[in-house]
Amino acid sequence: MPVELRVPEVGESITEVMIGTWKKREGDAVATDDAIVEIESDKATVELPAPSHGTITKVLKGSGEKAVVGEVIGYMEPAGAAVQPAAAPSQPVVDVKRKDGRTDIGSVQPAPAAAAARVMPAAARVLGEAGVSPAAVAGTGPGGRVTKADAVAAVARPAAAAQPAKPPAPRPMPAAVPAAAGGAREERYVLISPIRRKIAERLVEAQQQAALLTTFNEVDMSAVMALRAKFKDSFQERYGVKLGFMSFFVRAAVEALRAVPQVNAEFRDPHIVFRDYCDIGIAVGGGKGLVVPVLRNAEQMSFAQVEQAIGDFARRAADNKLKLEELQGGTFTISNGGVYGSMMSTPIINPPQSGILGLHAIQDRPMAINGQVVIRPMMYLALTYDHRLVDGREAVTFLKRIKDSIEDPSRLLLEV
Amino acid sequence: MQYDLVVIGGGPGGYVAAIRAAQLGMKAAVVEKEDRLGGTCLRVGCIPSKALLESSHKYEEAGHEFAQHGIHVGGVSFDLAAMMKRKEEVVATLSKGIEALLAKNKVARIRGTGRLAGPGRGEVTAADGTRSVVEAPRIILAVGSVSVVLPGIEVDGRLVGTSTEALAFDSVPGHLVVIGGGYIGLELGSVWRRLGAKVTVLEYADRILAGLDGDIAAEALPLFRKQGLDIRLGSKVKSARAVGNTCVVECEGQEPITCDRVLAATGRRPATADLGLETAGIQTDARGFIPVDGQFRTSAAGVYAIGDCVPGPMLAHKAEEDGVACVEAMQSGWAHVDYDLVPAVVFTHPEIAAVGRTEEQLAAAGVAYKKGVFPFRANGRARTINDTTGKVKVLADAATDRVLGVHIIGPSAGDLIGEAAAAMNFGATAEDIARVCHAHPTLPEALKEAALAVHGAAIHA
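Protein chains in written order, with my numbering: chain F, 1 to 416; chain L, 1 to 461.
Simulated from the structure, these hints should not be mistaken for lab results. Misleading hints may appear alongside valid ones.
[What the hints assert, rightly or not] In silico DMTMM-like links for lysine to aspartate or glutamate, alpha-carbon gap of 20 Å or less:
1. Lys27/L - Asp156/L
2. Lys148/F - Glu135/L
3. Lys61/F - Glu135/L
4. Lys66/F - Asp338/L
5. Lys198/F - Asp293/L
6. Lys232/F - Glu407/F
7. Lys66/F - Asp293/L
8. Lys66/F - Asp340/L
9. Lys370/L - Glu407/F
10. Lys33/L - Glu99/L
[As the list claims (entries may be wrong)] Partner residues aside, some chain L positions facing chain F, computed with beta carbon under 10 Å:
11. Ile153
12. Ala335
13. Ala428
[Stated by the list, open to error] Per label pair, the in silico range of CB-to-CB distance:
14. Arg185/F - Pro291/L: 19 to 27 Å
15. Leu233/L - Lys58/F: 28 to 36 Å
16. Leu24/L - Asp391/F: 46 to 54 Å
17. Ala156/F - Leu233/L: 54 to 62 Å
18. Arg157/F - Gln227/L: 36 to 44 Å
Owing to the predicted nature of the structure, the values given are computational and were not obtained by experimental measurement. Cβ atoms here follow ideal geometry from the backbone N, Cα and C, with glycine treated the same way.
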């Protein structure tokens with residue numbers, strides 16, 4: 001019996017996805033957990049793994065087409081189906097999965113048809129308005145249905161209360177441009193991908209809702225570079241990872257966030273929510289664009305743990321293997337435009353966060369130190385902050401604190 | 001006058017959107033060119049046709065069925081003018097009700113023909129030709145649809161007409177030719193047949209009721225023919241026109257038909273011509289529908305569209321859902337209308353109703369399904385009301401048992417479909433419906449039995 005290939009639940013507030021590249025074609029043999037097709041949502045790209053050994057028999061939705069969660073996008077014939085009746089998803093399995101209230105994005109299972117409608121209509125409205133994924137809500141209704149009460153409770157939970165997705169302004173039609181004589185003037189129409197659309201919505205939202213200001217400073221990288229040169233071999237030998245700059249900046253940011261907690265807080269009317277933990281997002285270039293995986297409890301991480309985690313993020317981002325939950329949350333972000341050569345920029349906040357630290361290229365510049373002109377490896381720092389809850393003095397103090405820690409890393413040891 | 005929202009069109013989509021907007025605190029106005037609010041549905045559609053269907057059904061019952069109950073009424077006659085007057089009163093009462101609802105919600109009523117005059121601007125032409133401008137940051141286009149008239153059919157509004165005329169004939173035509181075997185043609189064809197007209201229905205396709213489940217339509221066809229509707233499938237109408245006081249209808253490969261009246265019932269198209277869409281840079285699709293996104297936003301900022309003038313089922317209740325969702329999304333950013341779960345009802349006798357997917361759609365999509373069927377002749381209530389024609393059919397996913405479609409032909413099918421729609425919105429399985437205690441003796445027991453039949457467990461069949 002053919003097995004349906006359905007769009008899996010890909011998490012938070014996602015009902016519609018775009019079909020990416022089919023890695024297997026009709027007639028291709030697949031082994032269990034082989035990636036069959038890429039599913040692009042506005043949060044990330046995931047791969048649909050084969051539920052069993054077998055052969056792809058039918059592709060219903062081509063690359064670039066839209067599909068909804070739960071929709072059948074193809075079929076496969078399991079190998080030796082007669083002796084493997086368990087290949088087709090059955091009701092009890094689903095119930096167990098729903099009751100624990102989580103969906104594992106890393107190993108998404110094809111959702112059976114019933115899963116898609118387990119959210120009652122009123123609950124769908126409550127969750128939709130709050131931008132909370134039905135997948136993140138444990139249903140208490142008959143057969144695990146998400147009831148309105150479940151939805152209301154889930155939205156009230158601070159952790160689940162993601163930013164409401166504000167409607168983007170309708171797009172005006174482009175005005176016709178008079179054609180110039182000669183020369184090809186072709187326009188290419190490329191469908192906006194869900195990821196790009198989401199990025200656009202969030203950026204506009206950040207610009208509209210927060211009072212964004214940016215403050216600058218510069219930092220002398222000599223001390224950190226010297227420290228790296230001195231310990232890079234023994235560090236690599238011991239931890240199997242290079243000692244980079246990011247671990248210094250993450251540690252310095254943790255110290256600064258402790259000193260100026262507003263930058264680590266959230267403006268959630270009528271409250272300002274302060275945290276005693278630092279979940280620091282690190283912007284890394286991925287296969288499909290910039291992604292920002294989050295270092296959870298960065299305040300408890302050692303230099304080596306930070307370097308290992310970032311290296312792991314970068315590798316998996318390149319392969320589109322980051323899990324959705326690794327991209328969610330975050331209380332502060334560090335973005336390093338320096339790797340692309342940026343000298344100075346104003347980063348934009350990742351709402352509902354209140355601050356983002358921008359790192360830039362290191363350049364030798366003549367500096368006046370003790371009345372002498374000396375060449376130093378300098379980096380400009382930028383802090384964009386939400387002025388609604390972070391005062392200018394605090395922002396400047398925050399950035400100065402980072403500068404001080406980087407210029408004299410022994411401060412990080414002593415936490416002064 | 002400055003409004004938060006101006007709705008162009010006072011039909012079921014438009015007036016509902018305006019009331020919902022008012023409930024949410026917006027200052028709203030409705031632009032309507034007709035004296036009566038309620039749109040096609042209330043003025044010249046669903047409501048008057050149901051009034052006439054009920055009157056003509058009662059006449060037919062009195063003449064043919066009362067005797068089976070042991071009631072003898074002697075010679076039965078009817079007064080067409082009185083029937084039309086009752087229909088008028090029903091329409092007038094409901095239309096006044098909408099006026100009262102708008103007033104209660106402080107929704108302004110603007111009389112005149114509304115058209116778009118750029119984003120944020122509407123132009124209203126009153127009956128006397130005077131023009132005025134209304135401005136609002138949000139404008140909803142809810143202009144509905146008009147009858148499609150095929151080339152060759154010369155509608156003169158007298159003898160050759162559309163549903164609007166067929167709802168107001170001043171006498172029963174001796175011979176009525178209906179072009180189109182869809183729900184409009186079959187409903188109005190039934191009305192005039194019951195009142196004594198010879199009715200010929202010319203349908204181009206090889207089946208009636210396109211879009212509905214094929215098995216149900218196939219069951220309905222002989223029933224309608226037995227009632228006296230002369231339904232001719234595969235009839236390609238080339239022309240229809242009035243000649244003096246009769247009409248001539250020409251069909252490919254058939255003798256020309258001479259008749260007294262012609263009803264063109266070949267569907268409806270969006271009423272988007274001359275709506276000023278170009279002033280906001282909005283382009284319709286090839287069939288004239290206004291493209292919108294999931295929140296009913298057109299390509300122009302602040303301009304929305306709902307109901308029959310956007311793609312989707314052209315039904316009053318769907319337009320109402322559009323209207324509510326569109327307005328709510330303006331505030332919450334979230335809108336959802338599940339077009340797969342819009343019920344459809346044909347108010348013939350027996351009634352036909354459906355929600356969800358047909359067998360044809362499931363087969364085309366390659367969905368494995370199970371079918372449960374229960375005939376009304378095995379239902380106690382159907383026996384007691386002497387109305388045992390038809391059946392309930394439940395289609396459920398073979399793997400998950402989730403109900404994917406429910407199709408009913410039989411007594412009160414339009415009322416019965418509500419339970420099925422609710423169950424499907426809740427993601428019910430066939431077993432869920434089967435395990436709900438249904439009152440006895442009632443028609444909904446047939447739905448429960450059909451749900452049981454999905455697993456071969458119907459008790460009474």
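Legend entry - lysine 370/L paired with glutamate 407/F [C-alpha distance capped at 20 Å]: Between lysine 370/L and glutamate 407/F the Cα gap is close to 72 Å, so the pair fails against 20 Å, i.e. violated.
Legend entry - leucine 233/L and alanine 156/F - C-beta distance against the hinted 54 to 62 Å: 59 Å, holds
Inset, instruction - Assess, step by step, whether the Cα of lysine 198/F is no farther than 20 Å from the Cα of aspartate 293/L, and give holds or violated. - result: This hinted pair holds, its Cα atoms lying about 15 Å apart.
Inset, instruction - For arginine 157/F and glutamine 227/L, compare the CB-CB distance with the range 36 to 44 Å and indicate the outcome. - result: 60 Å, violated
Inset, instruction - Against chain F, run the beta carbon of isoleucine 153/L and see if the smallest gap drops under 10 Å. - result: 36 Å, violated
Legend entry - 20 Å limit on alpha-carbon distance, applied to hinted pair lysine 148/F and glutamate 135/L: Since the Cα atoms of lysine 148/F and glutamate 135/L sit roughly 38 Å apart, the hinted pair is violated (cutoff 20 Å).
Inset, instruction - Starting from lysine 66/F, check that the Cα of aspartate 340/L is at most 20 Å away, please. - result: 17 Å, holds
Legend entry - Consistency of beta-carbon spacing, aspartate 391/F to leucine 24/L, with hint 46 to 54 Å: Roughly 37 Å apart at Cβ, these two residues miss the hinted range, so it is violated.
Inset, instruction - For the pair supplied as a hint, lysine 232/F and glutamate 407/F, confirm whether the alpha-carbon distance does not exceed 20 Å. - result: 18 Å, holds
Legend entry - Distance restraint between lysine 61/F and glutamate 135/L, which requires alpha-carbon spacing of 20 Å or less: 43 Å, violated
Legend entry - Agreement of lysine 66/F and aspartate 293/L with the hint, judged by alpha carbon distance not exceeding 20 Å: The given pair, whose Cα atoms are some 13 Å apart, holds under the 20 Å limit.
Inset, instruction - Using the Cβ atoms, figure out if leucine 233/L sits within 28 to 36 Å of lysine 58/F. - result: 34 Å, holds
The structure is inconsistent with the numbered hints 1, 2, 3, 9, 11, 16 and 18, although it conforms to all the rest.
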